[in-house]
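Asker: Now for the letters of each chain:
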Amino acid sequence: ETGVTQTPRHLVMGMTNKKSLKCEQHLGHNAMYWYKQSAKKPLELMFVYNFKEQTENNSVPSRFSPECPNSSHLFLHLHTLQPEDSALYLCASSQESGDPYNEQFFGPGTRLTVL
Amino acid sequence: AQTVTQSQPEMSVQEAETVTLSCTYDTSESNYYLFWYKQPPSRQMILVIRQEAYKQQNATENRFSVNFQKAAKSFSLKISDSQLGDTAMYFCAFMNNNAGNMLTFGGGTRLMVKP
Chain A
1 ETGVTQTPRH LVMGMTNKKS LKCEQHLGHN AMYWYKQSAK KPLELMFVYN FKEQTENNSV
61 PSRFSPECPN SSHLFLHLHT LQPEDSALYL CASSQESGDP YNEQFFGPGT RLTVL
Chain B
1001 AQTVTQSQPE MSVQEAETVT LSCTYDTSES NYYLFWYKQP PSRQMILVIR QEAYKQQNAT
1061 ENRFSVNFQK AAKSFSLKIS DSQLGDTAMY FCAFMNNNAG NMLTFGGGTR LMVKP
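Chains as they are written, first to last, in my numbering: chain A, 1 to 115; chain B, 1001 to 1115.
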């Protein structure tokens, strides 16, 4: 595997379900990001982790719970979601956060549908 | 807060011709970075080109170049000799120098290159 991978690629869940999205980067980076890409809104940054520490939470509802056990893995735990949470969830990584010259590399995304 | 606006939801261009995608932004910051990202259909988002606000010279990457007008807060992308593989969503993005690598994206422009 190379670059940034995300699993699953597609997920359908009910509003009462609990599920998790997984992201893994094989680039030796230290910063990881979650973005939400909705059909009707611009790409939105959700969370930033730098060296496993959360450095940004962009006012994300608590039904989204991130976890970064190490610099290579990032999870997004989902529970009691709403239909409006249906979107493409993108993971990205960069060498470190805080430096605009550190390019962010994106994964293919998980297409989430909440019924 | 910064905002990024892409006023062209969709555009099309004939293969081998030139197309320009528009982007405007609003910020009170003086030191920032601007980016164009490309998201091909069902493929990962990749960085196309980056511009530092303190540089007057417009960035160029092969067939891709920008027209950066700082006073007008405009950052357009020109694609020369368009190729079928340029078909994608294109996102303009802004990063404040002090924002910890946080990107603010525009709504995107869907570009179709026609044979």
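None of these hints come from the bench; they were simulated from the model.
In this text, all values refer to a predicted model and were calculated from it rather than measured experimentally.
Using N, Cα and C, we set each Cβ at its ideal position, and we do this for glycine too.
It is possible that part of the hints are untrue.
[What the hints assert, rightly or not] Below 30 Å or equal to it, Euclidean Cα-Cα: the simulated DSS-like pairs (lysine-lysine) are:
1) A:22 <-> A:52
2) A:36 <-> A:19
3) B:1070 <-> A:22
4) B:1078 <-> A:19
5) B:1114 <-> A:52
6) A:52 <-> A:36
7) B:1073 <-> A:52
8) A:52 <-> A:41
9) A:36 <-> A:22
10) A:52 <-> A:19
11) B:1078 <-> A:40
12) B:1070 <-> A:36
13) A:22 <-> A:41
14) A:18 <-> A:40
15) B:1078 <-> B:1055
16) A:22 <-> A:40
17) A:36 <-> A:18
18) B:1078 <-> B:1114
19) A:36 <-> B:1078
20) B:1055 <-> B:1073
21) B:1055 <-> A:19
22) A:52 <-> A:18
23) A:41 <-> B:1070
24) A:40 <-> B:1055
25) A:22 <-> B:1073
[Stated by the list, open to error] Covered by chain A, according to a simulated footprint, are these stretches of chain B (three or more residues, beta-carbon under 8 Å):
26) 1040 to 1050
27) 1103 to 1109
Asker: Now tell me if each hint is right for this structure.
Answerer: Right, here's what the structure says about each hint:
A threshold of 30 Å between alpha carbons decides the hint, and for residue 22 of chain A with residue 52 of chain A the separation of about 15 Å falls inside it, so the pair holds. With a C-alpha separation of about 16 Å, the suggested pairing of residue 36 of chain A with residue 19 of chain A holds against the 30 Å cut-off. Using a Cα cut-off of 30 Å, the hinted pair residue 1070 of chain B and residue 22 of chain A is violated, with the two alpha carbons roughly 39 Å apart. Annotation: proposed proximity of residue 1078 of chain B to residue 19 of chain A is violated, straight-line Cα distance about 42 Å (limit 30 Å).
Of the supplied pair hints, the one linking residue 1114 of chain B and residue 52 of chain A is violated, its CA atoms being roughly 45 Å apart against a limit of 30 Å. Distance hint between residue 52 of chain A and residue 36 of chain A is fulfilled; the C-alpha atoms sit about 20 Å from each other, no more than 30 Å. For the proposed pair residue 1073 of chain B and residue 52 of chain A, the alpha carbon gap of about 35 Å is over 30 Å, so the pair is violated. Using a Cα cut-off of 30 Å, the hinted pair residue 52 of chain A and residue 41 of chain A holds, with the two alpha carbons roughly 28 Å apart.
Distance hint between residue 36 of chain A and residue 22 of chain A is fulfilled; the C-alpha atoms sit about 14 Å from each other, no more than 30 Å. With a CA separation close to 21 Å, the supplied pair residue 52 of chain A and residue 19 of chain A stays within the 30 Å bound. Distance hint between residue 1078 of chain B and residue 40 of chain A is fulfilled; the C-alpha atoms sit about 25 Å from each other, no more than 30 Å. The straight-line distance between the Cα atoms of residue 1070 of chain B and residue 36 of chain A is roughly 29 Å, inside the 30 Å bound, and the hint therefore holds.
A hinted pair counts as satisfied when its Cα atoms are at most 30 Å apart, and residue 22 of chain A with residue 41 of chain A qualifies at roughly 23 Å. Between residue 18 of chain A and residue 40 of chain A the alpha-carbon distance is near 25 Å, which keeps this suggested pair within the 30 Å criterion. The hinted pair formed by residue 1078 of chain B and residue 1055 of chain B meets the criterion: a straight-line CA distance of about 18 Å does not exceed 30 Å. A hinted pair counts as satisfied when its Cα atoms are at most 30 Å apart, and residue 22 of chain A with residue 40 of chain A qualifies at roughly 24 Å.
A hinted pair counts as satisfied when its Cα atoms are at most 30 Å apart, and residue 36 of chain A with residue 18 of chain A qualifies at roughly 18 Å. For the proposed pair residue 1078 of chain B and residue 1114 of chain B, the alpha carbon gap of about 17 Å is at most 30 Å, so the pair holds. A threshold of 30 Å between alpha carbons decides the hint, and for residue 36 of chain A with residue 1078 of chain B the separation of about 27 Å falls inside it, so the pair holds. Pair hint residue 1055 of chain B plus residue 1073 of chain B holds up; C-alpha atoms about 14 Å apart against a cutoff of 30 Å.
With a C-alpha separation of about 45 Å, the suggested pair residue 1055 of chain B and residue 19 of chain A falls outside the 30 Å cut-off, and the hint is violated. For the hint linking residue 52 of chain A to residue 18 of chain A, the alpha-carbon distance of about 23 Å falls within 30 Å, and the restraint holds. Distance check on the hinted pair: residue 41 of chain A and residue 1070 of chain B sit about 25 Å apart at the alpha-carbon level, within 30 Å; holds. For a cut-off of 30 Å, the pair hint linking residue 40 of chain A to residue 1055 of chain B is broken: about 33 Å separates their Cα positions.
Proposed proximity of residue 22 of chain A and residue 1073 of chain B is contradicted: the alpha carbons are some 37 Å apart, above 30 Å. Under the rule that three or more residues need a Cβ within less than 8 Å of chain A, the assignment of the stretch 1040 to 1050 of chain B holds, with 7 such residues. Closer than 8 Å: that is the beta-carbon criterion, and the stretch 1103 to 1109 of chain B has 6 residues meeting it against chain A, so the requirement of 3 holds.
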